[in-house]
Amino acid sequence: MSGKWAAAVLSLAVLAPCAVRAQTPPPIPAEEISVEKALKPGPNVFVTTGSWGGAGAIYVFSADDLAYKGDYSTGMQPQFALSPGADTGVVASAFPKRIMYGPVEAIIQKFDVSTLKTQQEATILPKFAQVSPQQGQIQVSSDGSRALVQNATPATSVTVVDLKSGKVTAEVPIPGCWQINLAPDGAHFSSLCGDGSILTVRLGADGKAAGQARSKPIFDVEKDPLFAQSQRVDGDLMFVSYGGVFYRISDKGDTAQLVDTYAFAKAIPGEWTPGGYAIMGYSAPYGIMFVAMHPGARDGGHKDGSEEIWAVDLAHKTVLYRSAAKGLTQIAVSQGKVPLIFGVASHGGGLFRFEVDPTAKFAAKLTHQIALRDAAAVTVR
Amino acid sequence: MTNFFSRVGKQLDDILVSGARSSARRFGRRSALAKLGGFLVGGAVVATLPFDRGFAATGEKPAPIDDDKTCDYWRYCALDGNLCTTSGGSKTSCPVGAEASQVSWVGTCHNPGDKRDYLVSYYDCCGKTPYSGAQFCLHSKGERPGYSMGLHNDINWCMANANKGYHCTVAIVLGVAE
Numbered sequence: 005m006s007g008k009w010a011a012a013v014l015s016l017a018v019l020a021p022c023a024v025r026a027q028t029p030p031p032i033p034a035e036e037i038s039v040e041k042a043l044k045p046g047p048n049v050f051v052t053t054g055s056w057g058g059a060g061a062i063y064v065f066s067a068d069d070l071a072y073k074g075d076y077s078t079g080m081q082p083q084f085a086l087s088p089g090a091d092t093g094v095v096a097s098a099f100p101k102r103i104m105y106g107p108v109e110a111i112i113q114k115f116d117v118s119t120l121k122t123q124q125e126a127t128i129l130p131k132f133a134q135v136s137p138q139q140g141q142i143q144v145s146s147d148g149s150r151a152l153v154q155n156a157t158p159a160t161s162v163t164v165v166d167l168k169s170g171k172v173t174a175e176v177p178i179p180g181c182w183q184i185n186l187a188p189d190g191a192h193f194s195s196l197c198g199d200g201s202i203l204t205v206r207l208g209a210d211g212k213a214a215g216q217a218r219s220k221p222i223f224d225v226e227k228d229p230l231f232a233q234s235q236r237v238d239g240d241l242m243f244v245s246y247g248g249v250f251y252r253i254s255d256k257g258d259t260a261q262l263v264d265t266y267a268f269a270k271a272i273p274g275e276w277t278p279g280g281y282a283i284m285g286y287s288a289p290y291g292i293m294f295v296a297m298h299p300g301a302r303d304g305g306h307k308d309g310s311e312e313i314w315a316v317d318l319a320h321k322t323v324l325y326r327s328a329a330k331g332l333t334q335i336a337v338s339q340g341k342v343p344l345i346f347g348v349a350s351h352g353g354g355l356f357r358f359e360v361d362p363t364a365k366f367a368a369k370l371t372h373q374i375a376l377r378d379a380a381a382v383t384v385r
Numbered sequence: 664m665t666n667f668f669s670r671v672g673k674q675l676d677d678i679l680v681s682g683a684r685s686s687a688r689r690f691g692r693r694s695a696l697a698k699l700g701g702f703l704v705g706g707a708v709v710a711t712l713p714f715d716r717g718f719a720a721t722g723e724k725p726a727p728i729d730d731d732k733t734c735d736y737w738r739y740c741a742l743d744g745n746l747c748t749t750s751g752g753s754k755t756s757c758p759v760g761a762e763a764s765q766v767s768w769v770g771t772c773h774n775p776g777d778k779r780d781y782l783v784s785y786y787d788c789c790g791k792t793p794y795s796g797a798q799f800c801l802h803s804k805g806e807r808p809g810y811s812m813g814l815h816n817d818i819n820w821c822m823a824n825a826n827k828g829y830h831c832t833v834a835i836v837l838g839v840a841e
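Protein chains in written order, with my numbering: chain A, 5 to 385; chain B, 664 to 841.
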């Protein structure tokens, strides 16, 4: 070894420990616990999860990538409604005193979405229907002043709540009828009935029933019953039948009227049929109804998960596109320039996000999915 | 499904006249969802889902005639819930300490053993925590939304009891469906 190399080796031997010491970061300073003050910014998608043995929740995810943001805690079998601006949530649920036994207290909770903090609680009738989370069990007027909640004993009725005072203003019997389809102004609601008719109830300014009228039978409960979910299409109510027929109903007058029907699945081979719980999502800007569909129609198959999502042009009565979408039981559609479809697979436990291409016949492409046990209902604006 | 509702209605009328199972006229109940409580499994993107009780319940195996601990047992054709046969009870009895629901819903199921259709009333057993090891089943033959409450299986049929906690479900033959 030359003198030069010997000096280099010696230098490394002496300096190496110093270099290691120089690269060691300073110790982590003492920390303090804190609480996130608000949800991370950006659009949200809400998933309602129910429970038959404890607390339920409203989970909040990013509508961009399904990243989890937080949740709002509820009682059993929460029924969720979101304000038009997506900034306030209203949820009804049951709180049994001893969880599995004893008297039930049912309440409405109103919460701020950005902070997930309770703004208001109101006690409602304990006969609140304990069903799996789904659309139409609670509805809130567009101005946020009035909430309606479905009851069952099993006799059916609707609790009307003034959200300004937090008081129940009325219990409206709707014998033989089910689900609340509230007009945007909160002045009347319509419900499907077991004889195929539709009951329309008008509410006064005092929140009490001011009159009601039942239509003639509009659908056949035995041969082709309607799913209870509806979508608003240009002010009308749109339902879909087990067999894949759209029923467009006007609820503007005192008595509901059938406007039109459209058997959109009839001409397509494979005995395709809708399936799930809330299986329609409407894109108002484009006039497209998305429907969760599966083949091989059978008695008892109306809750089967989807194989495809169909994009149906309501104005031209045309099925524009059929996109692969496996296992979905509830869907919701955003109202932006690029419609997003969110779906939950309640039979399997998952949340899914699809992007729709309006330039390609409204084809839907899966972009994200997460496992989410007991995901029941999905809501988006 | 031909004349299904008229058959059910007649059967129920007969039952009411005879005084048997008078609560069957008020039928109904809950969904496939979340009976055992909900929680987030994870935030990560996954290729497959962790479990699929609903689809497992509607599997493609041939229906066994006698095994009342499986979802394919013939009486369960419109049952949505936990089997009491796997919760400490039987197909006609609630487990110890539970109470029978005061109201129930109905289905019409075909018994391959004698090739007859039977009217079956599904009662929930109430007031106790669901057993996590119970067999969950989802069948919805002839099921309807809540506007036909007596055929509805998405609701908690302990609703008329003082103790409303859902535990499990039994399937009781009411008679031959004519």
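No wet-lab data here; the hints were simulated from the structure.
Some clues are possibly wrong.
[Claimed, not checked] Derived lysine to any residue pairs resembling SDA-like cross-links, with alpha carbons at most 20 Å apart:
(1) B:Lys-804 x A:Asp-303
(2) B:Lys-804 x A:Ala-301
(3) A:Lys-341 x A:Gly-305
(4) A:Lys-101 x B:Asp-735
(5) A:Lys-227 x A:Ala-301
(6) B:Lys-804 x A:Asp-238
(7) A:Lys-101 x B:Lys-804
(8) A:Lys-101 x B:Ala-825
(9) A:Lys-101 x B:Glu-762
(10) A:Lys-101 x B:Ala-823
(11) B:Lys-804 x A:Gly-304
(12) A:Lys-227 x B:Asn-826
(13) A:Lys-101 x B:Lys-778
(14) B:Lys-804 x A:Asp-228
(15) B:Lys-804 x A:Glu-226
(16) A:Lys-41 x A:Lys-121
(17) A:Lys-227 x A:Gly-211
(18) A:Lys-227 x A:Ala-271
(19) A:Lys-341 x A:Gly-46
(20) A:Lys-121 x A:Pro-188
(21) B:Lys-804 x A:Gly-74
(22) A:Lys-227 x B:Asn-824
(23) B:Lys-804 x A:Lys-341
(24) B:Lys-804 x A:Lys-121
(25) B:Lys-804 x A:Arg-302
(26) A:Lys-369 x A:Ser-327
(27) A:Lys-227 x B:Lys-804
(28) B:Lys-778 x A:Asp-303
[As the list claims (entries may be wrong)] To list a few chain B residues with every Cβ distance to chain A over 10 Å, as calculated:
(29) Asp-729
(30) Lys-732
(31) Pro-775
(32) Tyr-781
(33) His-802
(34) Gly-805
(35) Gly-838
(36) Glu-841
For every residue, glycine included, the Cβ atom is placed at its ideal position computed from N, Cα and C.
The hints, checked one at a time:
For a cut-off of 20 Å, the pair hint linking Lys-804 (chain B) to Asp-303 (chain A) stands: about 5 Å separates their Cα positions. The hinted pair formed by Lys-804 (chain B) and Ala-301 (chain A) meets the criterion: a straight-line CA distance of about 12 Å does not exceed 20 Å. A threshold of 20 Å between alpha carbons decides the hint, and for Lys-341 (chain A) with Gly-305 (chain A) the separation of about 34 Å lies outside it, so the pair is violated. Proximity of Lys-101 (chain A) to Asp-735 (chain B) is assessed by CA-CA distance (about 36 Å); at most 20 Å being required, the pair is judged violated.
Of the pairs offered as hints, the one joining Lys-227 (chain A) and Ala-301 (chain A) holds, with about 13 Å between alpha carbons and a cut-off of 20 Å not exceeded. Taken as a hint, the Lys-804 (chain B) and Asp-238 (chain A) pair is broken in the structure, with Cα atoms around 35 Å apart against an allowance of 20 Å. A hinted pair counts as satisfied when its Cα atoms are at most 20 Å apart, and Lys-101 (chain A) with Lys-804 (chain B) does not qualify at roughly 35 Å. Annotation: proposed proximity of Lys-101 (chain A) to Ala-825 (chain B) holds, straight-line Cα distance about 11 Å (limit 20 Å).
For the proposed pair Lys-101 (chain A) and Glu-762 (chain B), the alpha carbon gap of about 17 Å is at most 20 Å, so the pair holds. A threshold of 20 Å between alpha carbons decides the hint, and for Lys-101 (chain A) with Ala-823 (chain B) the separation of about 16 Å falls inside it, so the pair holds. With a CA separation close to 4 Å, the supplied pair Lys-804 (chain B) and Gly-304 (chain A) stays within the 20 Å bound. The hinted pair formed by Lys-227 (chain A) and Asn-826 (chain B) fails the criterion: a straight-line CA distance of about 37 Å is larger than 20 Å.
Pair hint Lys-101 (chain A) plus Lys-778 (chain B) does not hold up; C-alpha atoms about 47 Å apart against a cutoff of 20 Å. Distance hint between Lys-804 (chain B) and Asp-228 (chain A) is fulfilled; the C-alpha atoms sit about 14 Å from each other, no more than 20 Å. Of the pairs offered as hints, the one joining Lys-804 (chain B) and Glu-226 (chain A) holds, with about 12 Å between alpha carbons and a cut-off of 20 Å not exceeded. Taken as a hint, the Lys-41 (chain A) and Lys-121 (chain A) pair is honoured in the structure, with Cα atoms around 10 Å apart against an allowance of 20 Å.
Distance check on the hinted pair: Lys-227 (chain A) and Gly-211 (chain A) sit about 37 Å apart at the alpha-carbon level, beyond 20 Å; violated. In summary, the hint linking Lys-227 (chain A) to Ala-271 (chain A) is supported, as the alpha carbons are separated by about 19 Å, within the 20 Å threshold. Between Lys-341 (chain A) and Gly-46 (chain A) the alpha-carbon distance is near 16 Å, which keeps this suggested pair within the 20 Å criterion. In summary, the hint linking Lys-121 (chain A) to Pro-188 (chain A) is not supported, as the alpha carbons are separated by about 26 Å, beyond the 20 Å threshold.
For the suggested pair Lys-804 (chain B) and Gly-74 (chain A), the alpha carbons sit about 38 Å apart, so the restraint of at most 20 Å is broken. Taking the CA atoms of Lys-227 (chain A) and Asn-824 (chain B), the gap is near 33 Å; set against the 20 Å cutoff, the hint is violated. For a cut-off of 20 Å, the pair hint linking Lys-804 (chain B) to Lys-341 (chain A) is broken: about 40 Å separates their Cα positions. A threshold of 20 Å between alpha carbons decides the hint, and for Lys-804 (chain B) with Lys-121 (chain A) the separation of about 42 Å lies outside it, so the pair is violated.
As the CA atoms of Lys-804 (chain B) and Arg-302 (chain A) are separated by approximately 9 Å, the hinted pair is consistent with the 20 Å bound. Between Lys-369 (chain A) and Ser-327 (chain A) the alpha-carbon distance is near 7 Å, which keeps this suggested pair within the 20 Å criterion. For the given pair, Lys-227 (chain A) sits about 13 Å from Lys-804 (chain B) by alpha-carbon distance, which is consistent with the 20 Å threshold. With a CA separation close to 18 Å, the supplied pair Lys-778 (chain B) and Asp-303 (chain A) stays within the 20 Å bound.
Interface exclusion of Asp-729 (chain B) from chain A stands, the closest Cβ pair being 22 Å apart, more than 10 Å. With a least beta-carbon separation of about 20 Å from chain A, Lys-732 (chain B) lies farther than 10 Å from that chain, consistent with its non-interface assignment. Chain A leaves Pro-775 (chain B) outside its interface by the beta-carbon criterion, the shortest separation being 16 Å against a cut-off of 10 Å. No Cβ of chain A comes within 10 Å of the Cβ of Tyr-781 (chain B); the nearest lies about 16 Å off, and the non-interface call holds.
With a minimum CB-CB distance of about 6 Å to chain A, His-802 (chain B) fails to clear the 10 Å threshold, and the non-interface call is violated. Some Cβ of chain A comes within 10 Å of the Cβ of Gly-805 (chain B); the nearest lies about 6 Å off, and the non-interface call is violated. Every CB of chain A lies more than 10 Å from the CB of Gly-838 (chain B), the least distance being 21 Å, so the non-interface label holds. Chain A leaves Glu-841 (chain B) outside its interface by the beta-carbon criterion, the shortest separation being 17 Å against a cut-off of 10 Å.
When the structure is compared with the earlier hints, violations turn up for hints 3, 4, 6, 7, 12, 13, 17, 20, 21, 22, 23, 24, 33 and 34 and for no others.
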